[in-house]
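Asker: Listed below are the residues making up each chain.
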Amino acid sequence: MNPVAGIGLRSPHLAAIGRERPATGFLEIHAENYLAESPALQAVERLRADYAFSIHAVGLSLGSADGLDTAHLARVAALVKRLEPAWVSDHLSWSMTGGRYFNDLLPLPYTEEALEVVVRNVGRLQDAVGRQVSIENPSCYLGFADSTLSEPEFLSELARRSGCGLLLDPNNIVVTAHNLRLDPRDWLDGLPGPAITEYHLAGHATNDADGEPILIDDHGSRVSDGVWALFAEVVKRFGARPTLIEWDTDIPLLGVLLDEAARAASMIETVIAAGGQDAARAA
Amino acid sequence: MPLALRDLQAAFAAHVMGADRADLLTAVAGDTIPATARLSVHRHHVFESLGAALAATFPTVQALVGPDFFRGLARAFVGHTLPLQPVLTEYGSDFPDFIAGYETARDLPYLADVARLDWALNVAFHAPPNGRLQATDLSAVPAERLPSLSIALAVGAVLVNSRYPLDRIWETSQPGAASETVDLSSGASNLLVLRRPDDAAFVSLSAGEAAFAAALGAGMSLEQAAGAAFQGDPAFDLSTAFARLLSLGAFAALQ
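If you're matching them up, the sequences are chains A and B in order.
Using numbering that gives the first Met the number 0, the letters of the first sequence correspond one by one to residues 0 to 282.
Using numbering that gives the first Met the number 0, the letters of the second sequence correspond one by one to residues 0 to 254.
Quick caveat, the hints were computed from the structure, so don't treat them as lab data.
Among the hints, erroneous ones may be present.
Per label pair, the in silico range of CB-to-CB distance [stated by the list, open to error]: (1) 133/B x 192/A: 39 to 45 Å; (2) 129/A x 231/B: 51 to 57 Å; (3) 198/B x 269/A: 30 to 36 Å; (4) 160/A x 139/B: 54 to 60 Å; (5) 73/A x 254/B: 21 to 27 Å; (6) 73/A x 187/B: 40 to 46 Å; (7) 129/A x 138/B: 55 to 61 Å.
Here are a few chain A residues that face chain B, going by a calculated C-beta distance under 8 Å [said to hold, decoys possible]: (8) 65; (9) 94; (10) 96; (11) 97; (12) 181.
The beta-carbon is built from N, C-alpha and C at its ideal position, and this holds for glycine as well.
Assemble the whole structure, with the sequences as input and the hints as a guide.
Answerer: What follows is the structure, encoded as structure tokens:
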């Protein structure tokens, strides 16, 4: 299998991609930016013939105890139907409560109650789009005292009960592990490899929290050396998957994203060539 | 007794918006980085990211007041009105009215109108480009029926009226525009914002054209709308105004 690496499609690059049609494995869009009949959606439709697409939602709020926003779910499902992407995903987090949207990937306690909520919401999403969706591990800045499961245990159980895929983001693992004092390699133990459908890579920032460093998943720089090292470990353990470079703040020239994607593809190739892969998946 | 998930999320939301929630601080596992510092990462992100969304939707307001003032204005609005759904380009319809009542912006009386123009351009940009009335559609309508015909404005077509020269203020606030002074007393403006094939833009209407378009938008027939326009502007010419608005794609296709 050829390693496939793609880039997040961001509005400052839309014109250049339409003009130059650069070679890249796939393009990923944020669902919430393409739900209206804007010129941006028209531009994406023109790119459909030349690129595979991934639709990554950021606002479905799959962890909401209130359940999913029916109107928003219908709009995302209509976009999926219209663009027929190769992959559909959102996050293990919540962003709505009491009918208000907070525009943040807010953390969940990892409890049986929360698991049941997310399984139910993911099931509803998969029914609405008529296919498997993948759920991404979040960047965490805090944990809850009442959690009874670890994050990888929660994700594994979510995949088992709902049939969803897992979108593994090594940058988020590094951020979470640093902020919650975990070992990122231990975090990988016990994840169900065959459920993993896609990888995300991005940069993070280091901020100060009451005199101590806290890592922030700001998608505003190149992938760090530590994240590249963990990515190599991930590929060695679980095999090659479609891999995305994301960049959302201080967006650089298109060439920088393509360069990062090429680096990801070449790293996958190197690791697989050295014998590290999930034999069943790569066959 | 742990908080039920719905209660935990309500407490989290209240904390983000500035409330003091002891039950939440107990639920969050703190260590050398205390729970409050960890939670403040989210509070910061909610306000900053929604402020950035407002800046993207209201670029002319931000250009006029500068990024620092805009950040304070946006924070105040976010604290007052959160989005009701996740599509951020649909957040901020109340921002112009909020600006009109914002004490610190009182020496910029035209700012709320600039925000209305930014919002209208945003709405037009996200409106479908099709479904417009074509001249050929009218040839099928019997002449005697024309006066009683109701023609709606196209989706995304919005009138923005102001007692200030909004078009001049907008133009001098665009990136790269030469800095110049706009005489605020130089006259009112009647702007029609429209979706074009690849963007959204506005045109300047005469008072009569604006009254005519507003009357049609309110559901009046062509005859009634023309009457309304004449009342406000004796120089109003129905056939010229109609032809202009038609060629601009301002009308919705007949139902």
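Asker: Now tell me if each hint is right for this structure.
Answerer: These are the hints, each one checked on the structure:
1. 133/B x 192/A: 39 to 45 Å: 58 Å, violated
2. 129/A x 231/B: 51 to 57 Å: Given a distance of about 54 Å, which is inside 51 to 57 Å, the answer is holds.
3. 198/B x 269/A: 30 to 36 Å: At roughly 44 Å between Cβ atoms, residue 269/A and residue 198/B fall outside 30 to 36 Å, so the hint is violated.
4. 160/A x 139/B: 54 to 60 Å: About 59 Å separates the Cβ atoms of residue 160/A and residue 139/B, which means 54 to 60 Å holds.
5. 73/A x 254/B: 21 to 27 Å: Given about 25 Å between the Cβ atoms, the range holds.
6. 73/A x 187/B: 40 to 46 Å: 42 Å, holds
7. 129/A x 138/B: 55 to 61 Å: 44 Å, violated
8. 65: 7 Å, holds
9. 94: At 7 Å from the nearest chain B Cβ, residue 94/A passes the 8 Å test, so the hint holds.
10. 96: Check passed: Cβ of residue 96/A comes within 4 Å of chain B, closer than 8 Å.
11. 97: 6 Å, holds
12. 181: Violated, about 12 Å.
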